[in-house]
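If you're matching them up, the sequences are chains H and F in order. If you read the first sequence in my numbering, its first letter stands for residue 239, the second for the next number, and so on. If you read the second sequence in my numbering, its first letter stands for residue 239, the second for the next number, and so on.
Hints may be right or wrong, so weigh each one.
[Stated by the list, open to error] Non-contacting residues of chain H with respect to chain F, defined by C-beta distances greater than 10 Å in every case (computed):
{"hint": "1", "residue": "N408"}
{"hint": "2", "residue": "A420"}
{"hint": "3", "residue": "K428"}
{"hint": "4", "residue": "G545"}
{"hint": "5", "residue": "R717"}
{"hint": "6", "residue": "E747"}
{"hint": "7", "residue": "G771"}
{"hint": "8", "residue": "E783"}
{"hint": "9", "residue": "E843"}
{"hint": "10", "residue": "T879"}
{"hint": "11", "residue": "Q883"}
{"hint": "12", "residue": "V892"}
{"hint": "13", "residue": "D1013"}
{"hint": "14", "residue": "K1029"}
{"hint": "15", "residue": "A1092"}
[As the list claims (entries may be wrong)] Straight line, CA to CA, 25 Å or less: simulated SDA-like cross-link-like pairs of lysine to any residue:
{"hint": "16", "chain 1": "F", "residue 1": "K891", "chain 2": "H", "residue 2": "R823"}
{"hint": "17", "chain 1": "H", "residue 1": "K1029", "chain 2": "F", "residue 2": "L964"}
{"hint": "18", "chain 1": "F", "residue 1": "K900", "chain 2": "H", "residue 2": "Y982"}
{"hint": "19", "chain 1": "F", "residue 1": "K655", "chain 2": "H", "residue 2": "D970"}
{"hint": "20", "chain 1": "F", "residue 1": "K655", "chain 2": "H", "residue 2": "F1030"}
{"hint": "21", "chain 1": "F", "residue 1": "K1029", "chain 2": "H", "residue 2": "M870"}
{"hint": "22", "chain 1": "F", "residue 1": "K1055", "chain 2": "H", "residue 2": "R823"}
{"hint": "23", "chain 1": "H", "residue 1": "K655", "chain 2": "F", "residue 2": "G1093"}
{"hint": "24", "chain 1": "H", "residue 1": "K1062", "chain 2": "F", "residue 2": "E1066"}
{"hint": "25", "chain 1": "H", "residue 1": "K1029", "chain 2": "F", "residue 2": "K1029"}
{"hint": "26", "chain 1": "F", "residue 1": "K1029", "chain 2": "H", "residue 2": "E874"}
{"hint": "27", "chain 1": "H", "residue 1": "K568", "chain 2": "H", "residue 2": "K655"}
{"hint": "28", "chain 1": "F", "residue 1": "K1062", "chain 2": "H", "residue 2": "E1058"}
{"hint": "29", "chain 1": "F", "residue 1": "K1055", "chain 2": "H", "residue 2": "M870"}
{"hint": "30", "chain 1": "H", "residue 1": "K1062", "chain 2": "F", "residue 2": "I1059"}
{"hint": "31", "chain 1": "H", "residue 1": "K1055", "chain 2": "F", "residue 2": "L964"}
{"hint": "32", "chain 1": "H", "residue 1": "K891", "chain 2": "F", "residue 2": "H553"}
{"hint": "33", "chain 1": "H", "residue 1": "K1041", "chain 2": "F", "residue 2": "L964"}
{"hint": "34", "chain 1": "F", "residue 1": "K891", "chain 2": "H", "residue 2": "E872"}
{"hint": "35", "chain 1": "H", "residue 1": "K877", "chain 2": "F", "residue 2": "G880"}
{"hint": "36", "chain 1": "F", "residue 1": "K655", "chain 2": "H", "residue 2": "E872"}
{"hint": "37", "chain 1": "F", "residue 1": "K889", "chain 2": "H", "residue 2": "E874"}
{"hint": "38", "chain 1": "H", "residue 1": "K1067", "chain 2": "F", "residue 2": "V892"}
{"hint": "39", "chain 1": "F", "residue 1": "K900", "chain 2": "H", "residue 2": "E872"}
{"hint": "40", "chain 1": "H", "residue 1": "K900", "chain 2": "F", "residue 2": "D865"}
Simulated from the structure, these hints should not be mistaken for laboratory data. Note that beta-carbon positions come from the ideal geometry of N, C-alpha and C, so glycine has one too.
There are 2 protein chains.
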Amino acid sequence: MGKKYVYDFSEGSRDMKGLLGGKGANLAEMANLGIPVPEGFTITTEACIEYGNDGNRFPDGLDDQVNEYLAALEDKTGKKLGDPDNPLLVSVRSGAKFSMPGMMDTVLNLGLNDESVNGLASQTGDERFAYDAYRRFIQMFGKVVMEVEGQLFEDAITVQREKAGVQFDNELSPAGLKELVAAFKQILEKETGRSFPSDPREQLDLAIAAVFRSWGGARAVTYRRHYNISDDLGTAVNVVSMVFGNMGEDSGTGVAFTRNPSTGVKEIFGDYLTNAQGEDVVAGIRKTKKLADMQQELPKVFKDLTGVMQKLEQHYREMEDIEFTFEKGKLYMLQTRDGKRTAAAAVKIAVDMFSEGIISKEEAVARVDAGQLDQLLHPMLDPTRKYDIIATGLNASPGAAVGKVVFDADTAAAQGKAGEAVILVRWETSPDDIHGLIQAQGVLTSHGGMTSHAAVVARGMGKPAVCGADQIVISEEERQFTIDEHVVDEGDIITIDGTTGNVILGAVELVPPQINENFQAIVAWADEIRTMGVRTNADTPEDAEKAREFGAEGIGLCRTEHMFMATERLPIVREMIMASSAQDRAASLEKLLPMQQGDFEGIFEAMDGLPVTIRLLDPPLHEFLPDYTELMVEIEHLKCTGGSQAEIDEKEKVAARVRSLKEMNPMLGTRGCRLGIQWPEIYEMQVRAIMQAAVAVDKRSGQAPKVEIMIPLVGFAEELRRMRELTVNVCDEVLAGAASSLEYRLGTMIELPRAAVTAGEISDYADFFSFGTNDLTQTTLGFSRDDAEGKFLTYYLEEGLVKSNPFETIDVDGVGKLVEIAVKASREKKPDIKLGVCGEHGGEPASVKFCHRAGLNYVSCSPYRVPLARLAAAQAVLEEKEIAFTTA
Amino acid sequence: MGKKYVYDFSEGSRDMKGLLGGKGANLAEMANLGIPVPEGFTITTEACIEYGNDGNRFPDGLDDQVNEYLAALEDKTGKKLGDPDNPLLVSVRSGAKFSMPGMMDTVLNLGLNDESVNGLASQTGDERFAYDAYRRFIQMFGKVVMEVEGQLFEDAITVQREKAGVQFDNELSPAGLKELVAAFKQILEKETGRSFPSDPREQLDLAIAAVFRSWGGARAVTYRRHYNISDDLGTAVNVVSMVFGNMGEDSGTGVAFTRNPSTGVKEIFGDYLTNAQGEDVVAGIRKTKKLADMQQELPKVFKDLTGVMQKLEQHYREMEDIEFTFEKGKLYMLQTRDGKRTAAAAVKIAVDMFSEGIISKEEAVARVDAGQLDQLLHPMLDPTRKYDIIATGLNASPGAAVGKVVFDADTAAAQGKAGEAVILVRWETSPDDIHGLIQAQGVLTSHGGMTSHAAVVARGMGKPAVCGADQIVISEEERQFTIDEHVVDEGDIITIDGTTGNVILGAVELVPPQINENFQAIVAWADEIRTMGVRTNADTPEDAEKAREFGAEGIGLCRTEHMFMATERLPIVREMIMASSAQDRAASLEKLLPMQQGDFEGIFEAMDGLPVTIRLLDPPLHEFLPDYTELMVEIEHLKCTGGSQAEIDEKEKVAARVRSLKEMNPMLGTRGCRLGIQWPEIYEMQVRAIMQAAVAVDKRSGQAPKVEIMIPLVGFAEELRRMRELTVNVCDEVLAGAASSLEYRLGTMIELPRAAVTAGEISDYADFFSFGTNDLTQTTLGFSRDDAEGKFLTYYLEEGLVKSNPFETIDVDGVGKLVEIAVKASREKKPDIKLGVCGEHGGEPASVKFCHRAGLNYVSCSPYRVPLARLAAAQAVLEEKEIAFTTA
């Protein structure tokens, strides 16, 4: 016997998601739980993979197995595929291991042809219904399987409607629908050169192949890139006997969540439509009804449904996201899966389920996606202020966003990539818009509900969304939308508030979010579990205070170059750089000293005795100087237009100095400790400012600052030895002068591959190391971030050459390997050396988990990412204990 | 008993160079061989190190031990230091482990004061001699120990000479010399505030301390940097009883080599002066006599000397470099050491000594400094052509050099660092000129012999030198020199030929050197010993042929970008880059294809079946485009001066494309395989050109080229997987079309740290790896070569932060570590993978030896370096067998 490619629902279970896909595995699970699902079977993901690997050919044996399970299905239902009297109709749906809503293809009503349509008419006693199903099938089959442009069918419908003099599709008569069926078949033949396949078994094979192929389609690939899903998984195909929600007012279809996926509140949450089929609810074409209203309209179905929902939640110990259809009052479940949710909902559900005794504290911590937590910490509108609201829609995904209005996904993608903040404004979004949604700050639709495509996708991405704001009239052609008297053109700035559903003209200043008690509970539980410290990267007292509110246990990176960049200081900094002697340079540094000291006093006070790691000046000096090309163009302009010679001379003097400091590759040039070694007076000034500030704060507050001085870009132990000597000399002098016995530590960044492989020697002169994984990524991969992102790195991501952006998620195999080498070498030589990370990776969940596994003592990240890092650090511990994070 | 700091000559041996310095160890060795040396003792290098470490304080016990050994010396000589009747006079000389000629200080005639000078007068019966010795001592002591400006003494002598109405120093009367002694003491007191120390024991302590300090002097430090000598060794101090070469015509002093150090010929080679002392010979103040002439003038001394020389060579089994003095006909050896020699001499001596049965073949191979071999391979003047020779001096160091005339070392150093080729022209050089000599292409002196400072140093450095060209009249003040009617100003270009001693006005085209049979013998012996292959880096058939002459066993790196840069091709390359579609780009590539194919055919033919590794296009595209700033200035100029709008538009179009390709850090940008992945048509064209060329050459010559295609800048295995697929597709197509079964291999550069640490995975898709250690050094160290050399790296070298330039000698601890990691990982996965190096390190001896130790299969270097690499690869094997290279 060959490989098994087909499983009946009775043969599957929820543990078989890899083989049967999420949908198939859960249909099997529900069937086995006694929950009503239509009869059907699942073709495995392996069949899909083999189909692709073998040049789009069905694997041997698949055909026979489909025949076998189809025969069994016909037996169970008592119907036969293509039967002219009692035809079996099936849906053919994709279903991958990880949910990819709307990304792949579905065909409904399969099995209809010119004979079986009559059987359907007699089965249902409704000829109009039967022909409507037939034309829908041909339309969907044509579009999905035979790849005919969908608009051609829509145009044919319009022609038919006009001919019949009616306004809506459902007013078309059976005769009109028959004509439409004929017209559709003609379109199909004209466009593809092949006639519509009337053999239902051939229909089935073609549909299965189309679903297999949709795994490699552009939309699906884009989605997988964004969600980091492997290309190797393949999709399963579910063949399920049709049930009809469009057989009258006691039939219908709907989607629901077992709790509110936006807020997490335990309540009835969903939408339904009576006399509707399939995608009608999420497509947003008809106005949906709230599920709460079903209790009155269809009490029996409502009771059955809520019973099933309760059963599912108890069984899965999770909030479930379901699809259902009821046919003449009988309920069928078409799908269940763990529901996607906002971060706020995730937090509330985790805390509530712990309170309800459903899950443990560790599971609660494991349940919240640390990456998603970020959205809770994004800025929002100030709830205490009044705004001039021009429209209100559904609060589909919380948080606020400000950006330029754009009307199509391509523009959103292009401008977003170019660094513009844009808001995508659409009537409704579809899976075709995914690339624009990824790049937009938020989305505003004039149509669609809480479960519409835009709403679901935005919540998953943690982006603000306002949906169904139906006061808005969009004219894509004129690139504008209007609300009453307001006209908003493409490029105008608006603010959307996904928390309230409000739309505001212009940019509004956003305020940090409130952090509620559920949030506090989760991160507090995380703190009990995690073993790594979490610090923050902060250059100002304001950032330092914010980070402390978020639970930062110290500053892991305080950059000093931003202090040099301040408008009132830049002239002095330039004066210092232009100085022709050490003496002149010293004079400029003298002026900077009290300013720097003030900066540090503020930060020490804000951190109130917690450790503060201050990095001495790092960037190349020419970053403080004017642009060379601009200077040369200005000089040429002055020369050609008879400008004053004095001005020309002055500019040429500056140009000469800029030229002498200009570098081919500034990233690999005179920066970091190479500055401090060649011009020690700069570092001496900084160290003096740091220690004088520490002494002053200590005397003033009695709370001794924990000073950690960090030398950047060390590659050779000898560099650090000399910089340590310089630092110790200055510190000792300041402390002796102030009769202070303040302690301080000295360490270095590990941000060059050479530093990583010689970390043992370097550790001789260091009390701590902080891995600068941003620069370490640049040098290890040979990727200049400025030149990679938006250029070849973007290409690499799109083409799947790299799985994720190494500047966001640490490159474990390359950069991670060097970190591990350095950890091993330095701990062997100096077991008590303190090791941390201060690149942006310190605030990205997968990277934080790597840091834990690598044995680092702490991570440091931007203030808003601190809670995320606390959570991720705890989840790293739980993963070691194999309490894995179960994602929605 | 404390540590032993002082050794009598009888207590030492030549194996104690680390402790006693080279000079002290060899004095001891000679004494123990029964060769006449003056009595004396040596203070250890440890004493010097402890003196420095303890803030310039003598270590405990040193004083007592000096007293003890001094007393013994007084006993042995029957004289007493400072004795008014029979005074002992001593010399105090430095002597480090490695010879540093002239770099540290010496004091002669120590022990004289107002009393003992009379004892010396009565001992010698020559008052004039005694007072001349006294004034020389004060002068030297003042300059060296008390650090008084030497010119002050010279001025006083001039005054005295004028007063006496004489022309030369030696015409001064005893009374005149007494006045000079008084004048010198006054100078000393005035300049230092201290009186001349009349206590000889105090004189001795001060002189020892001065020698200790001279270890850390600027000249010595510069010298050590250049020769890679550790700062931690310290110098020994030799205290030796004076013998006098200036006691009449039967006294004298000289220097000699046991063979000719310039040619290697076994002959009498040296200079001497009668009635002269100490440094007079090498200082070049008086015209020296050829040693051969001594046979007639002083047959007994000559016989003794040649006897000693023979004994020394037999004992040391090496060419020796000796200093001697004879006092009233009695010979004393003052020093012996292995003699520095030219590369030509080293080769001849090694081959001769093997023929003479003195050393083994392996020792002969070990004896030739591979680094020095380079000078034999440098261009020289065409010996068959006639040149307009303006002057002829001694052929002091072979090879020819062309450069601008400069008259002082500072200028030579400055211009040399700035990349100018300069010839340092001096009356004579001194150790103060060392920094200028390092940077100059060659040196020309109007004075001094074959053993003068300029000659010795230039030979050691392998730089051409013409010395003692006494037709040349130098006026430093007017910055020019004259020869008869010729006036040569500073900045004028001259050519010097150190092989013949000729000086030529203007630049002369140089030709490659002849390689003689001794040279061929040594590298042929090396080939028998070495296990690593040696290939060459060659981009043209001419280079390929030259490299084969030098013994290259294949091409390890054939760069293709130079082919793109050729004048007639650049417009097509620009056309390709400016192309807005893949189609337009293809059209330009179509034009380049036959040109590239022609290039490769030439190279394959030149290599005649040896392997040829061709690297596909590597540099960033904008390297082929105009400079952005220049373009913008041109546009501004056109705008301001009413230039044609069409021209402005055209330039702005180019500027826009340049801007879009411009990168912050091109080294880390879109280059290497990142080009091939984004624009596969470029690599496809190159692969097609390579394979078509290989097929054509195979059919034409019957000699199948060994094609190796190399992908640059791979960081991810997936990059190589895709590029392998592309390459294989094109190759298969070409081979199928030509019905050829040519074999080819595919590999990659390992030049990114990520590639090194993931080499195991990358090896899945590679038949070979070539370590691109140039770029690997840039990324591992974070050193942009363009921005490091002449800037911070130069500073690092000067300040001793790095011991050698990592772009010349491989950074074993950093870059080397990554190479080792990659070798291990790739060999574990693919034991038969071929591994090589193609950075410039492949032609540098220490790096070649590292490559051998790391287990690489071959190195590849520029054609002229191939023999050097062959030799170094053999020496690496000998070092493993502990047949160490014994350097001069």
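Going down the list of hints, with the structure as the test:
no.	hint	verdict
1	N408	holds (48 Å)
2	A420	holds (43 Å)
3	K428	holds (31 Å)
4	G545	holds (50 Å)
5	R717	holds (26 Å)
6	E747	holds (32 Å)
7	G771	holds (27 Å)
8	E783	holds (34 Å)
9	E843	holds (35 Å)
10	T879	violated (6 Å)
11	Q883	holds (17 Å)
12	V892	holds (14 Å)
13	D1013	violated (8 Å)
14	K1029	violated (6 Å)
15	A1092	holds (14 Å)
16	F/K891 with H/R823	violated (43 Å)
17	H/K1029 with F/L964	holds (22 Å)
18	F/K900 with H/Y982	violated (44 Å)
19	F/K655 with H/D970	violated (39 Å)
20	F/K655 with H/F1030	violated (37 Å)
21	F/K1029 with H/M870	holds (23 Å)
22	F/K1055 with H/R823	violated (40 Å)
23	H/K655 with F/G1093	violated (47 Å)
24	H/K1062 with F/E1066	holds (22 Å)
25	H/K1029 with F/K1029	violated (31 Å)
26	F/K1029 with H/E874	violated (29 Å)
27	H/K568 with H/K655	violated (49 Å)
28	F/K1062 with H/E1058	holds (17 Å)
29	F/K1055 with H/M870	violated (44 Å)
30	H/K1062 with F/I1059	holds (15 Å)
31	H/K1055 with F/L964	violated (30 Å)
32	H/K891 with F/H553	violated (66 Å)
33	H/K1041 with F/L964	holds (21 Å)
34	F/K891 with H/E872	holds (21 Å)
35	H/K877 with F/G880	holds (14 Å)
36	F/K655 with H/E872	violated (32 Å)
37	F/K889 with H/E874	holds (16 Å)
38	H/K1067 with F/V892	violated (56 Å)
39	F/K900 with H/E872	holds (21 Å)
40	H/K900 with F/D865	holds (14 Å)
Violated hints for the displayed structure, listed by number in ascending order: 10, 13, 14, 16, 18, 19, 20, 22, 23, 25, 26, 27, 29, 31, 32, 36 and 38.
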